[in-house]
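S.K.: Sequence:
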Amino acid sequence: MVTIKLLGRPALVGDGVELEGPRGKKGWGLLTYLVGNTAAVPRERLVRLLFPDAQDGLAALRWNLAELRRITRGPHAFAGDPVMLSLTRDVQVDVHLLAAAPWYEVIDQVDLSAPLLEGLTFPSCAGFELWLEGERQRVAALAAAALREAAREEIASARADEAVGHARRLVALQPWDENCHELLVRALAQSGDVPGARAHVELVTETFLNELGVPPSRSVSAAAEPLLARPAQASRTRTEAQLQAGVTAVSAGASDTGIGSLRRAVAGARAVADPELLARALIHLGSAQVHAVRGADEAGVAALREAVAVAERVGRPGLATAACRELAWVEFLRCRFEPAERWLDRAMATAGADDSERAWILLTRGSLRSDAGRYQEAIPLFLDAVRHAEYGGDLRASAMALTHLGRLRLLRGEDDLASEHLDRARALADQAGWLTFASYPLSWSAEVAMHAGRVDEAAELFSRAHTLAVEVGDPCWESLACRGLGLVAAERGEHTIAARLLHDSRMACRRVNDAYVWLEAYGLAAQVTHAIANGLGNIEELVDDLDQLASVHGMRELQAEAAMLRVSAGRTDALEAARSHVAAVDNPMLSARLSQLEATLARVDAG
Numbered sequence: 022m023v024t025i026k027l028l029g030r031p032a033l034v035g036d037g038v039e040l041e042g043p044r045g046k047k048g049w050g051l052l053t054y055l056v057g058n059t060a061a062v063p064r065e066r067l068v069r070l071l072f073p074d075a076q077d078g079l080a081a082l083r084w085n086l087a088e089l090r091r092i093t094r095g096p097h098a099f100a101g102d103p104v105m106l107s108l109t110r111d112v113q114v115d116v117h118l119l120a121a122a123p124w125y126e127v128i129d130q131v132d133l134s135a136p137l138l139e140g141l142t143f144p145s146c147a148g149f150e151l152w153l154e155g156e157r158q159r160v161a162a163l164a165a166a167a168l169r170e171a172a173r174e175e176i177a178s179a180r181a182d183e184a185v186g187h188a189r190r191l192v193a194l195q196p197w198d199e200n201c202h203e204l205l206v207r208a209l210a211q212s213g214d215v216p217g218a219r220a221h222v223e224l225v226t227e228t229f230l231n232e233l234g235v236p237p238s239r240s241v242s243a244a245a246e247p248l249l250a251r252p253a254q255a256s257r258t259r260t261e262a263q264l265q266a267g268v269t270a271v272s273a274g275a276s277d278t279g280i281g282s283l284r285r286a287v288a289g290a291r292a293v294a295d296p297e298l299l300a301r302a303l304i305h306l307g308s309a310q311v312h313a314v315r316g317a318d319e320a321g322v323a324a325l326r327e328a329v330a331v332a333e334r335v336g337r338p339g340l341a342t343a344a345c346r347e348l349a350w351v352e353f354l355r356c357r358f359e360p361a362e363r364w365l366d367r368a369m370a371t372a373g374a375d376d377s378e379r380a381w382i383l384l385t386r387g388s389l390r391s392d393a394g395r396y397q398e399a400i401p402l403f404l405d406a407v408r409h410a411e412y413g414g415d416l417r418a419s420a421m422a423l424t425h426l427g428r429l430r431l432l433r434g435e436d437d438l439a440s441e442h443l444d445r446a447r448a449l450a451d452q453a454g455w456l457t458f459a460s461y462p463l464s465w466s467a468e469v470a471m472h473a474g475r476v477d478e479a480a481e482l483f484s485r486a487h488t489l490a491v492e493v494g495d496p497c498w499e500s501l502a503c504r505g506l507g508l509v510a511a512e513r514g515e516h517t518i519a520a521r522l523l524h525d526s527r528m529a530c531r532r533v534n535d536a537y538v539w540l541e542a543y544g545l546a547a548q549v550t551h552a553i554a555n556g557l558g559n560i561e562e563l564v565d566d567l568d569q570l571a572s573v574h575g576m577r578e579l580q581a582e583a584a585m586l587r588v589s590a591g592r593t594d595a596l597e598a599a600r601s602h603v604a605a606v607d608n609p610m611l612s613a614r615l616s617q618l619e620a621t622l623a624r625v626d627a628g
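Each residue of the sequence shown is one higher than the last, beginning at 22 in our numbering.
Just so you know, the hints here were simulated from the structure itself, not pulled from any lab data. Glycine residues also receive a C-beta, built at the ideal position from the N, C-alpha and C atoms. Any given hint could turn out to be false.
What the hints assert, rightly or not - The calculated lysine to aspartate or glutamate pairs, modelled on DMTMM-like cross-linking and capped at a C-alpha distance of 25 Å, are: (1) 26 <-> 111; (2) 26 <-> 41; (3) 46 <-> 77; (4) 26 <-> 359; (5) 46 <-> 139; (6) 46 <-> 132; (7) 46 <-> 65; (8) 26 <-> 126; (9) 46 <-> 594; (10) 26 <-> 36; (11) 46 <-> 102; (12) 26 <-> 150; (13) 26 <-> 132; (14) 26 <-> 154; (15) 46 <-> 88; (16) 46 <-> 154; (17) 46 <-> 150; (18) 46 <-> 111; (19) 26 <-> 39; (20) 46 <-> 36.
Stated by the list, open to error - What follows is a list of derived Cβ distance ranges for each label pair: (21) 558 <-> 374: 55 to 61 Å; (22) 444 <-> 488: 19 to 25 Å; (23) 75 <-> 227: 52 to 58 Å; (24) 569 <-> 61: 26 to 32 Å; (25) 488 <-> 234: 27 to 33 Å; (26) 619 <-> 404: 33 to 39 Å.
The task is simple: from the sequences and hints, build the whole structure.
M.R.: In structure tokens:
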């Protein structure tokens, strides 16, 4: 077995012995680029990225590809045009392992704290440097995800002592992510070190106040508190009643009351030692915390993971289907695609003939593929989700699937189909009485109107969507509606108002630590576009923020947006990075915009 180590100082290792690697850093750069792309790459693009100044770029590329075949002992690898990776089974890459393997196969085999291609720079290859910076951020996020998964799993499996070490490493990687601190505090408290947990709360509170000017959310300190004591007179009947009361209260919008009842139901189920009842109570509690309480995702995740552990312990994994699906939803919101897909695999394996459950699993998977720019994979998933939702009579699942299918069509410029899907989604949401969701498809319908030039209609729809979002207290839906109102203001020439609204769009998502990351980036892209068009300040900083956000979370289309916006702002050396990112997304609208940008640059060069 040969292992290609791209994290840290790049190296080739066989049977524990370091082997000869490619001669020259361009070989390592080429290998890293091919590893980081899921599709074959045209030779012309590789030449433009890595050998822009070579007298014979194709010859330089051929020599480096031959080098890679030599060191990987793969005579058929790195061949063709476009170039295919085609590594043999006895060659593994640490970056691939990090992306695809479960945490327990990664945690001690991969250098999680090391950057990609540590110490290597490519100053003569500006486009490749931009790509590499984004890839470094994406891979660092995968490393953090492995540590997060490890800590959460150890806590759920009652091995909190082990979780503490993983959580400390995670905090070192992401010191400004309060969810990481909350996870460490929870691990310390559940390991029995409550004083240590409280001390860390004090430390992180002081640090956040000094450096950021705001304290972490209440959920960080809440994680240090002990679990609810077991009731002295618990019974199955009393616990079932508390569970039902909690579910009813949450459904009616009384989140705090409902969660209090659900916590008591969990404590009661522990006291009567009923694993089936405990699993159900934990799932309802975790789901309520994930969906009904802003900033409570880590607490919800802890409850849901415990439900999975309880179900597996008693040999009834089907009890935890909903928990696995909800855990995937949490990862989806944070655009952590790989762990979300793994949770969905587990949920689907035990979903059986439950059409409603299958609908939610399918629509979540479709949403993941859509956010990653894999639209052709997402479309059939959404259509299957709608079909199962209709069979199961689940109006909400239908409404959500149709909303994201409509969004996908809109992003691809298929406005008629988008309008059809979104009209159905809005009707189903109304029929289901799903007030907390209604703002979301309404904003997308407003954007369809904007595309068609119906600005007044769009303004009215965005205004209604914003009012609904504020009424139900959903910062994500508020962000999308704010973005739309900003675009309306810009279209009307009210650019000062537009700039404020587009700024507010991004800030709405950042008010909570568990907002939908894709929406934040989508709003930020609109803010950057408006800033460039109107010559506003801090454009470079905004583009950097968008690029980092998209890169960290693997949102390929928004990475392409960032690169094209960088070119529009005057950084023509970002054009190759833009071409690379656009090629990774199956969106004809994106390709058309790149062609327009290239034509504009050609006209400028021609004088």
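S.K.: Give a verdict on every hint.
M.R.: Verification of the supplied hints:
{"no.": "1", "hint": "26 <-> 111", "verdict": "holds (14 Å)"}
{"no.": "2", "hint": "26 <-> 41", "verdict": "holds (12 Å)"}
{"no.": "3", "hint": "46 <-> 77", "verdict": "holds (18 Å)"}
{"no.": "4", "hint": "26 <-> 359", "verdict": "holds (20 Å)"}
{"no.": "5", "hint": "46 <-> 139", "verdict": "holds (11 Å)"}
{"no.": "6", "hint": "46 <-> 132", "verdict": "holds (20 Å)"}
{"no.": "7", "hint": "46 <-> 65", "verdict": "holds (19 Å)"}
{"no.": "8", "hint": "26 <-> 126", "verdict": "holds (15 Å)"}
{"no.": "9", "hint": "46 <-> 594", "verdict": "holds (20 Å)"}
{"no.": "10", "hint": "26 <-> 36", "verdict": "holds (13 Å)"}
{"no.": "11", "hint": "46 <-> 102", "verdict": "holds (22 Å)"}
{"no.": "12", "hint": "26 <-> 150", "verdict": "holds (19 Å)"}
{"no.": "13", "hint": "26 <-> 132", "verdict": "holds (9 Å)"}
{"no.": "14", "hint": "26 <-> 154", "verdict": "holds (18 Å)"}
{"no.": "15", "hint": "46 <-> 88", "verdict": "holds (12 Å)"}
{"no.": "16", "hint": "46 <-> 154", "verdict": "holds (16 Å)"}
{"no.": "17", "hint": "46 <-> 150", "verdict": "holds (13 Å)"}
{"no.": "18", "hint": "46 <-> 111", "verdict": "holds (24 Å)"}
{"no.": "19", "hint": "26 <-> 39", "verdict": "holds (10 Å)"}
{"no.": "20", "hint": "46 <-> 36", "verdict": "holds (24 Å)"}
{"no.": "21", "hint": "558 <-> 374: 55 to 61 Å", "verdict": "holds (58 Å)"}
{"no.": "22", "hint": "444 <-> 488: 19 to 25 Å", "verdict": "holds (20 Å)"}
{"no.": "23", "hint": "75 <-> 227: 52 to 58 Å", "verdict": "holds (54 Å)"}
{"no.": "24", "hint": "569 <-> 61: 26 to 32 Å", "verdict": "holds (28 Å)"}
{"no.": "25", "hint": "488 <-> 234: 27 to 33 Å", "verdict": "holds (30 Å)"}
{"no.": "26", "hint": "619 <-> 404: 33 to 39 Å", "verdict": "holds (35 Å)"}
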